[in-house]
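If you read the sequences in order, they're chains H and D. Following my numbering, the numbering of the first sequence begins with 1051 at its first residue and continues without gaps. Following my numbering, the numbering of the second sequence begins with 1051 at its first residue and continues without gaps.
There may be inaccurate statements among the hints.
[As the list claims (entries may be wrong)] Derived BS3-like pairs: lysine-lysine, alpha-carbon spacing no greater than 27 Å straight-line:
no.: 1; chain 1: D; residue 1: K1097; chain 2: D; residue 2: K1087
no.: 2; chain 1: H; residue 1: K1177; chain 2: D; residue 2: K1306
no.: 3; chain 1: D; residue 1: K1333; chain 2: H; residue 2: K1177
no.: 4; chain 1: D; residue 1: K1333; chain 2: H; residue 2: K1157
no.: 5; chain 1: D; residue 1: K1306; chain 2: H; residue 2: K1306
no.: 6; chain 1: H; residue 1: K1333; chain 2: D; residue 2: K1177
no.: 7; chain 1: H; residue 1: K1306; chain 2: D; residue 2: K1177
[What the hints assert, rightly or not] These stretches of chain D come out as covered by chain H in the derived footprint (C-beta under 8 Å, 3 or more residues):
no.: 8; segment: 1249-1257
no.: 9; segment: 1320-1331
Everything labelled a hint here was simulated from the structure, so no lab data went into it. Predicted model, so just to flag it, every value in this text is computed and none were measured. We treat Cβ as the ideally placed atom computed from N, Cα and C, and that holds for glycine.
Protein chains: 2
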Amino acid sequence: MNRESRFVIVGLGLLGGAYARGLRRAGYAHVAALDLKEEALAFAKEKGYIEEGRTGEFQDLLARADYIIFSLYPTTFIQWVEQYGSLLPAGCLCTDVSGVKTGLVDKVQALLPQGVEFIASHPMAGKERSGVENAHLVDFAPANFLITPTERNTRRGLDFARELAEALGFARIHVISPEEHDRMIGYVSQLTHAIAVSLMCAPGAERFADYTGDSFRDLTRIAYLNAPMWAELFLWNREYLTEEIDGFTARLQRLKTFLQEGRREELEEMFRTSSAARAAFDKKEKEG
Amino acid sequence: MNRESRFVIVGLGLLGGAYARGLRRAGYAHVAALDLKEEALAFAKEKGYIEEGRTGEFQDLLARADYIIFSLYPTTFIQWVEQYGSLLPAGCLCTDVSGVKTGLVDKVQALLPQGVEFIASHPMAGKERSGVENAHLVDFAPANFLITPTERNTRRGLDFARELAEALGFARIHVISPEEHDRMIGYVSQLTHAIAVSLMCAPGAERFADYTGDSFRDLTRIAYLNAPMWAELFLWNREYLTEEIDGFTARLQRLKTFLQEGRREELEEMFRTSSAARAAFDKKEKEG
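When you get a sec, could you build the whole thing from the sequences and use the hints?
Written out as structure tokens, the structure is:
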């Protein structure tokens, strides 16, 4: 990556917009974007996030591209690569922002023409909001950037992903396999969203709104979500997420059994285990 | 309540300490405390939270008391009233800080001597920490104060509970029945703690600590808990909490079914429902 590098962002939503904005701020002048929405492109151009935007007729833009960032939902991403992948020039490097990897990365890598490398990555910096108009709210500074290479990836691809994360200012960069990634995301992100949704879908929950404390508000903040995107992510990761839901449910049922049988000592033991595990998280955070 | 009123706080832990501190700051000079721990009393005296503290031989303190605040775990509270209730002077008014009410309030009211009124209340201002040394961390200003009268309570009792909440600076005062209270707490507080504990008890959860984002940290902050206290509260409220766990589990299983059967539209509908319900909470909060 250098000042003359040409970036094309495919899909100018929340994260595509935040990448464009971040790259321009980091001094990369040539950032173009493709999107179906004329308004999204106009907004980004006016804000100085992109040099140029197109809704179609983008062959020449792609032909000149050094780096391509796919910021599309997984299903649309694959469709795009099937339709336009052959337009990508040999030697260009691609990455994405997708929240799921297994089944997606392999497929995209298989579809791309010879000489075009796709190194998958996932910026853990999503928001409840969507759209390029909210791109300025995305904060990479405290966030993790995950790179999920396969055996098809090269050193050059990995270096690009790292350099991109550094240019955008991510706090930490991790390299893990697509499978580890999806298992971790299933627990850390998707299970927690499934829980918040299940909490908030309680019939008549609103009647308790007068009484909620901080803990309830913290726990349910993520129950606001972009429904089509999360449905897509959940469905892509359904095997791992199902496993996590099953594991969680079993632990909650164990707690319920202790409760019903009045097994105070086992309940306390469970509380001590959870307190210790949570403390380990905070400890790692302080060290990290 | 007036400047000459004599308060006795029974149990000088986190909330007992915060009440003592708050009363003294509100200008009530005569705040005494009973506790088994000499150090707790010495600490509170040194900090100016109390005028006097006793570990035993407290008949005279009780005999002079106008207002008594019980800040004990429910089981200990009942034991104390069984043992010492007869020492309370006719005309004195009592309240508590217990997080559960059904089965407790009736029992305490039945045990107290004629002429001693117990009006139950619950300050929703707990912390993960415990002990009088942490009393200064308790913040009543944003918190709810719940008063749960029964048919045995009088206008005078209710007025005392309100006046106490106002003196301590609570944001909002609500009057609800003990049963409504316990059902609400079962959902808003206990279910959320049960969920956070079940999340954090995942085997090997620590290995994901590098990857957690804000949502996971928010969701699990309450997984730190005072194990004996929460075991006690859970067991006291086991019927309502069991119902809430069952309702929540059924909703999570519905989500899992949609996921496994690839029912995207129903998943999105669930996400839209949860987003709307959460928005209603925030709306109420802004109005409140």
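Evaluation of the provided hints:
1. D:K1097 / D:K1087: holds (16 Å)
2. H:K1177 / D:K1306: holds (24 Å)
3. D:K1333 / H:K1177: Holds: K1333 of chain D and K1177 of chain H sit about 20 Å apart, inside 27 Å.
4. D:K1333 / H:K1157: Distance ~44 Å between K1333 of chain D and K1157 of chain H Cα, so the pair is violated.
5. D:K1306 / H:K1306: holds (20 Å)
6. H:K1333 / D:K1177: Judged against 27 Å, a Cα distance of about 20 Å means the pair holds.
7. H:K1306 / D:K1177: holds (24 Å)
8. 1249-1257: Since 6 is at least three, the answer is holds.
9. 1320-1331: Coverage by chain H holds for the segment 1320-1331 of chain D (11 residues, Cβ < 8 Å).
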